[in-house]
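Chemist: Sequence:
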Amino acid sequence: MDFMKLLKSLEELLYELVSWLLFYPLTMWRSVVNPLRMMRYADSELADRPEDQYEDTLSPPLFLLITLLLSQGLSAAFPTSYDPTIVAKELGSGSNLLIARGVVFGIYPLCMAVAMLRQQSVRITRNSLRPPFFSQCYVAAPFAFVVGLAFDFLFMPHAQGITIGLATLAFATLWYAQAQVRWFIQDRHMGAAKAIGAFSVAFVCATVVAFVIAIFIGLEAKNLAS
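Residue numbers for the sequence shown, in this note's numbering: 1 to 226.
One or more of the hints may lead you astray.
Calculated pairs, SDA-like style, for lysine to any residue (alpha carbon to alpha carbon, straight line, at most 25 Å) [claimed, not checked]:
hint	residue 1	residue 2
1	Lys-194	Pro-131
2	Lys-8	Asn-34
3	Lys-8	Glu-55
4	Lys-194	Phe-78
5	Lys-8	Trp-20
6	Lys-8	Ser-59
7	Lys-5	Asn-34
8	Lys-5	Glu-16
9	Lys-8	Gln-72
10	Lys-194	Leu-174
11	Lys-194	Ala-214
12	Lys-194	Ser-128
13	Lys-194	Val-181
14	Lys-5	Tyr-15
15	Lys-8	Leu-62
16	Lys-194	Ala-100
Computed spacing ranges between beta-carbons, pair by pair [said to hold, decoys possible]:
hint	residue 1	residue 2	range
17	Asp-187	Ile-162	20 to 28 Å
18	Val-18	Ser-128	14 to 22 Å
19	Pro-25	Phe-211	43 to 51 Å
20	Ile-164	Leu-6	16 to 24 Å
21	Leu-70	Leu-166	20 to 28 Å
22	Pro-50	Ile-164	41 to 49 Å
If you're looking for bench data, these hints aren't it; they were derived computationally from the structure.
The structure presented is a predicted model; accordingly, all values stated were derived computationally and were not measured.
C-beta atoms are modelled at their ideal positions from N, C-alpha and C, and glycine is treated no differently.
All chains should be built: construct the whole structure from the sequences, respecting the hints.
Modeler: What follows is the structure in structure tokens.
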């Protein structure tokens, strides 16, 4: 009986992994082309029963993690002025590096969700934070992927990727900004000036916090490795 349960679990795992090959690019395409619709979709799906949620896409946090995993794998294909294996060794493993990246880029959907709740004067609790955080993950994933690509160019030897790296970083920021500002205006019923201000404050806060956390993780990893 236990063996049959194991086979059934493996069967479900295999189906889940293979289904990602279809639903991941579909989720990415929808998030890039129509980010507002995906954010609304995330809000509506949380009202369904757990087994009925995200039937034709990946769940937002999973989508973000897979995107970071692909970004991490893509980084290994770029020539770089530093050895990425050193970072993985300092953190203990590649999976720890993925978790660290998840924490850093997870700050962006968190700060945007908090900004939305504060603008609506909603008390911030685990339950109230969950819907906007989930919806924000759909927008954070493409942003994180392109930002990761930008840093891959910036870290190329002899500064040969500086120009394209900065251009890619600017493109990622502009795309993320327009999606967020439109979300604040259309879905949160803010004026344009207020929406731009809310996004700017949340984005700057998220960037500063993410930078501090990244430095802290790097220092702690070096201390543990030494």
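Chemist: Which numbered hints turn out to be false for this structure?
Modeler: Hints 2, 4, 7, 9, 11, 16, 17, 18, 19, 20 not satisfied by this model.
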